[in-house]
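The chain contents come next:
There are 2 protein chains.
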Amino acid sequence: MDILFLGTSAGVPTRKRNVSAIAVTESQGRNWFLVDCGEGTQQQLLRTNLSLNNLQAILITHIHGDHCYGLAGLLASAGMSGRKTPLTIIAPKGIREWVEATQQHTQLYIPYELHFTDVETLTSVNSGLFEIHATALSHRVPSYAYRFTEKMTKTTLDTDKLKSLGISAGPVWGKLKQGQDVDYEGQKLLSCDFVQEHIQQTKAVVCGDNEQPQLLSQFCRDCDVLVHEATYTQDIAAKAGDVGHSYAGLVAEFAASIHLPNLILTHFSPRYQSDPQAPCSIEHIRQEASAIYSGRLYLADDFDRYQLIKDGELRKADV
Amino acid sequence: MDILFLGTSAGVPTRKRNVSAIAVTESQGRNWFLVDCGEGTQQQLLRTNLSLNNLQAILITHIHGDHCYGLAGLLASAGMSGRKTPLTIIAPKGIREWVEATQQHTQLYIPYELHFTDVETLTSVNSGLFEIHATALSHRVPSYAYRFTEKMTKTTLDTDKLKSLGISAGPVWGKLKQGQDVDYEGQKLLSCDFVQEHIQQTKAVVCGDNEQPQLLSQFCRDCDVLVHEATYTQDIAAKAGDVGHSYAGLVAEFAASIHLPNLILTHFSPRYQSDPQAPCSIEHIRQEASAIYSGRLYLADDFDRYQLIKDGELRKADV
Chain A
1 MDILFLGTSA GVPTRKRNVS AIAVTESQGR NWFLVDCGEG TQQQLLRTNL SLNNLQAILI
61 THIHGDHCYG LAGLLASAGM SGRKTPLTII APKGIREWVE ATQQHTQLYI PYELHFTDVE
121 TLTSVNSGLF EIHATALSHR VPSYAYRFTE KMTKTTLDTD KLKSLGISAG PVWGKLKQGQ
181 DVDYEGQKLL SCDFVQEHIQ QTKAVVCGDN EQPQLLSQFC RDCDVLVHEA TYTQDIAAKA
241 GDVGHSYAGL VAEFAASIHL PNLILTHFSP RYQSDPQAPC SIEHIRQEAS AIYSGRLYLA
301 DDFDRYQLIK DGELRKADV
Chain B
1 MDILFLGTSA GVPTRKRNVS AIAVTESQGR NWFLVDCGEG TQQQLLRTNL SLNNLQAILI
61 THIHGDHCYG LAGLLASAGM SGRKTPLTII APKGIREWVE ATQQHTQLYI PYELHFTDVE
121 TLTSVNSGLF EIHATALSHR VPSYAYRFTE KMTKTTLDTD KLKSLGISAG PVWGKLKQGQ
181 DVDYEGQKLL SCDFVQEHIQ QTKAVVCGDN EQPQLLSQFC RDCDVLVHEA TYTQDIAAKA
241 GDVGHSYAGL VAEFAASIHL PNLILTHFSP RYQSDPQAPC SIEHIRQEAS AIYSGRLYLA
301 DDFDRYQLIK DGELRKADV
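Heads up: the protein sequence lines correspond to chains A and B, in order.
Numbering follows UniProt numbering, in which position 83 of the first sequence is assigned residue number 83; successive positions increment by one, without gaps.
Numbering follows UniProt numbering, in which position 292 of the second sequence is assigned residue number 292; successive positions increment by one, without gaps.
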């Protein structure tokens, strides 16, 4: 699957970072899912190749404005750009009430069905290649994490067996691997005799605001990548006295404790500047986390795209 | 006064044009007013030198989302950036209801007072240098135009009289013009004997969506500049069968009929491209209007800034 960051700032947008939104796209095809939809998400999407017509569902982590105020405009624009297929919204109940109030007070006409699922009652949902689960976090308002599990079939050709029969690499191998039976020198070669299928799955957990990463211990089991907020460094978190958010070290400790292979931090307080020499730099968040966590650590910027490939390897890709 | 365009696209944003918002700033000082607040207005403001702390009032023309969906995020960000002073919102009643519903459903905390005025009942309001009036337009929902009248004192020094007394140009002239009395070669020169004050006023009308420009005949009397939507050219308007909007020629005819000196068109359908050679180009809107209207015609782009100076001259300025 692909994870594309559309906004990585906490609370308010900056010139370099918009407020929260993350697009998760299936490995095959064009189906994608949007986790959170801060104001300006539809504008950010104009700079990607994602189409609102291929959007399968919107998942909102919590009701705070920097995670949902782009929803009304995005729903309106999807309608104006011709969307007719129903759209699923998985979100806290307050979001459904807010969208309904917005439809009423601003005469918002949506020319396709909205299917709301209250996350409070969600067990799991299957959509396309994904199985999606949710779990509760700890924040000033109810906040949730979403887990995307993508199951894919991996096909292996028994090349040793083919070689032992004197069939060397070439078009026959390709046809057999693609599931075709082949007539070979008067012999019928059945694909199923040479091909093995393995089900592989990749798992990504994408979180809303959360002050207790350890709540995710079970939910992140066997997970390939965790996307978690790191609003502050520890010193600034203590000074800010902010309740409900995590600092880099806290998330890093949790990631280390569960031997997580890939950690992507996001949702940075606007006080952290990109200049490494700044008195309050995003590099301080990186340093605090990397001193504790020795897996692969990434700090997301807007429009960063990460590909989670079959063997669970995460790599940064071009947009 | 200054008129700064923060969004010039109709309905949906494009990569070059955001949805509607216009900042109107007093000639002196930093006080400014926001007419409409489409989604992403706060992000556009980050690219200007306008501060949310100096925002005096927000005026919404009508309840459609492309004119108001940025309101909740902007109010939230003003609070997070430390605003404490009350903020006036002049808008159709539905906007007040929507903001209240948003506060409720998304736990939006605003740490300063909001003073709502329903535009339906507005006669006039004075704020800083401006006197503001509203009038009803014709659209699919109730829509309004706002008129900003700025009164300024212009001071003229009677230089002929000074010269006739043998007082030539120099520091004495400057002091007298600034209202200071001056001891000059044993004589007391009183500022009031050499200075005349004239009250000058400039008027700008900024409109919401409107299919009947002629409704503005009285309201635009003696007005220096009209900012009006021109969503379409006439041919496309006829094809689109859209109700509630104006095409360029219609606005141009009205502007010509009232001998308006300056007309700024905005709110262009996203189908109009900036390339003059495109099959559907913004230049077609310009051509249609300029064939009818011979005053000074401008087509607004995002971040265009227009200065209306004392003698009613409008000039395009740097942002």
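Think of the hints as simulated: they come from the structure by calculation, not from any bench.
Hints are supplied without guarantee of correctness; some may be wrong.
Put simply, identical chains are the same to the list, so a pair is met inside one copy or across any two.
[Stated by the list, open to error] Calculated cross-link-like contacts (lysine-lysine; reagent style DSBU-like; alpha-carbon spacing at most 35 angstroms):
(1) K175 <-> K239
(2) K16 <-> K154
(3) K239 <-> K163
(4) K161 <-> K188
(5) K310 <-> K161
(6) K93 <-> K163
(7) K239 <-> K84
(8) K93 <-> K175
(9) K93 <-> K188
(10) K239 <-> K177
(11) K163 <-> K16
Note that the structure is a prediction, hence the values are computed from the model and not measured.
Measure nothing new, just compare the shortest in-copy and cross-copy C-alpha distances for K239 and K177 to 35 angstroms and report within, between, both or neither. Classified as neither: same-chain Cα gap 60 angstroms, cross-chain 53 angstroms, threshold 35 angstroms.
Is it within, between, both, or neither for K163 and K16, if the alpha carbons may be no more than 35 angstroms apart? Neither way: K163 and K16 sit 56 angstroms apart in one copy and 59 angstroms across, limit 35 angstroms.
Since the copies are identical, ignore which copy is meant and state whether K93 and K188 lie within 35 angstroms (CA to CA) inside a copy, between copies, both or neither. neither (59 angstroms within a copy, 78 angstroms between copies)
Should K239 paired with K84 be assigned to within, between, both, or neither, using CA atoms and 35 angstroms as the limit? So K239 and K84 pass the 35 angstroms test across copies only (22 angstroms; inside, 49 angstroms).
Regarding K239 and K163, is the shortest C-alpha distance of 35 angstroms or less found within a copy, between copies, in both, or in neither? This pair counts as neither: shortest intra-copy Cα distance 67 angstroms, inter-copy 67 angstroms.
Reference check for the pair K175 and K239, CA-CA at most 35 angstroms: within, between, both, or neither? neither (64 angstroms within a copy, 53 angstroms between copies)
How would you label the pair K93, K163 (within, between, both, or neither) given a Cα cut-off of 35 angstroms? Answer is neither; intra-copy 60 angstroms and inter-copy 79 angstroms both fail.
Pop the pair K161 and K188 into one bin, within, between, both or neither, using alpha-carbon distances up to 35 angstroms. Intra 15 angstroms, inter 116 angstroms, cutoff 35 angstroms: intra-copy only.
I want to check one pair: K93 and K175. Are their C-alpha atoms no more than 35 angstroms apart within a copy, between two copies, both, or neither? Answer is neither; intra-copy 51 angstroms and inter-copy 67 angstroms both fail.
Copy assignment of K310 with K161, given that the CA separation must stay at most 35 angstroms: Cα proximity of K310 and K161: one copy only (25 angstroms, versus 90 angstroms across).
Go through the copies and call it for K16 and K154: within, between, both or neither, with a Cα cutoff of 35 angstroms. Neither, since 39 angstroms and 43 angstroms both go past 35 angstroms.
When held up to the earlier numbered hints, the structure conflicts with 1, 2, 3, 6, 8, 9, 10 and 11 and fits the remainder.
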